[in-house]
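Visitor: First to last, the protein sequences are chains U and B.
Per the numbering used here: the first sequence ends with 448, consecutive numbering throughout.
Per the numbering used here: the second sequence ends with 1125, consecutive numbering throughout.
Rather than coming from a laboratory, the hints here were simulated on the basis of the structure.
The C-beta atom is built at its ideal place from N, Cα and C for all residues, glycine as well.
Hints are not guaranteed to be accurate.
[To be verified] If the Cβ cut is set under 7 Å, some of the chain U residues that face chain B in the computed set are:
hint: 1; residue: Arg21
hint: 2; residue: Thr283
hint: 3; residue: Leu286
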Amino acid sequence: MLSPAAYGMLGVLPTHGVGSRSDLPLPFGVLVVSALAALLISFLAIGVLWREPRLRSSQGVMLPRQLASMLDSRWLRRVAQTLSVALTLWTLVALLAGPDSARNPVPHIVYVWLWVGLAFASMLLGPVWRVINPVRLLHTGLLRLARVSPDLAVFRYRAGWWPAALGLGLFTWVELVATENTSLSFLRLLILGYLLISILGAGLFGRAWFDRADPFEAWSTLLGALAPLGRRDDGRWVLRTPLHGINELHGERGLVATVAVMLGSTAYDGFSANLSWATFVQTSALPASVLKTATMLGFFAAVAVTLWLASAASMALSGKGIRDSFHFVSDFAPSLIPIAGGYVVAHYWSLFVYQAPVGLALLSDPLGTGADLLGTAGVTPDDTLVQATLVATIQAVSIVVGHLLAVLAAHERAVSVLDRRSAIVGQIPLMVIMLAYTFAGLTILFTP
Amino acid sequence: MPLNRVLPYAVCLVALSGIAACGSADEPTPGRHATATVVKSLVVTVTGTTVTPAPAQVDLRIGEALDLTVTIDHDDELHAHGFGDIEEQLKAGVPTTVRLVGAESGVFEVETHEPALTLLTVAVR
């Protein structure tokens, strides 16, 4: 069994910021069955599914009263917020005073616990970052100390999701393209920059900045729409399908860009591990970072453009003008979130299982002095959760289920937005690109 | 329950069982290996930023070994993660051999430092 430090050894070309191991390619049989399942789902959806909108925000299985009141309780929120602030301060100590080596826990906290852990937690429990975001807590705390209203803002916030799209794009660039993205000076610059921008944004626009513009809140809110745990329209806690949360999201400025970044970044992550691509990049005359940045932007653009083309085709088939397609595409962007969520689970499952315990072990020694302050220095990853067949199954299932949910969500939106005659025909272009994304996702997992 | 509500879940179930069946069928049988450890060998030459043969994926079973001989045109360092974290100094023009023994499953990169190049990947099953 390799030591935790070995698992955390930062290679010259780390794949996701940390970690030096990738998953085995999907077996061919799994690829074929998954692709056929996705096709079958799409055809059935067109032929068989419901003709009237069915999802209502009053639906769901109510949680038992004790559990619901516990979830609503103040003490639970205070405990979670305290833990979040404590972890943030601990990480800041490691950032400012820790060693600039593989023993510093900060890269694991940022690239594994925050980026992947937050995604997984949100997909299970809902938009948790809204409750425990330390920057939001700082803002609220400062305003409270100054005895000022928590809604204080200089300007009204009008930019929709655009800043979040930009922020997510920048973070994924840092995670996937930037060299030396685990060096301490780089991380200090990154985190300081992020804090300054957030404080400036929150100062100017108030709480609304965190609701829409903060990239990690957007990551948590949009993926959190997939959670089975949610609130009904009367505020009661319920268990419900992922479709209900997605159905409550509506078109807004910058939503297409944000979803395009979410989907494109995970797809590029998988694609960049491809050997022919890596060979092309390393033998090319152009600098690697230029090629990689251009490709990543290409992936973002490809998602946004194909989504808009599908919407334009839908509008044409429904007899409406192309001008309406911009609003239409924004209304349909939420239905891609399940595909993005499926991609996230498929790509990051084994990274999370391997590297999160390593992060916990490294966290026990934030200053690199050999201490074991949390008692977790001996924690090692559990091999059973990354056994090859299990990983391949999780990958295939998450992509196929993501596709299924996306098709159902798009269907529900179509029957709500389009008139009955166009609802079926109008969905077909969207279903085609969803199939394309799913096949692309499977292929990326399949080819070495 | 009306048919059109059950159908998507039924399709999902069929898909899942199909995948699970295919997935387990593809799993390599944990058979008996020959008494001698199987050893593959590969010779790689690096000139500038060109790797010959072009980077490819080599398959290994857990317990099998790969003897990798690298000749490079400048002083560098060879990193191979996942095989006990091999770090080998490379001298210009001197063929250096390392033995990579498959220990945990996954795909691992073998790379050099300056410039950062991937030489090959090893898929351990």
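Visitor: Take the hints in turn and mark each one as holding or not.
Guide: Here's how the hints hold up against the structure:
1. Arg21: 4 Å, holds
2. Thr283: 5 Å, holds
3. Leu286: 12 Å, violated
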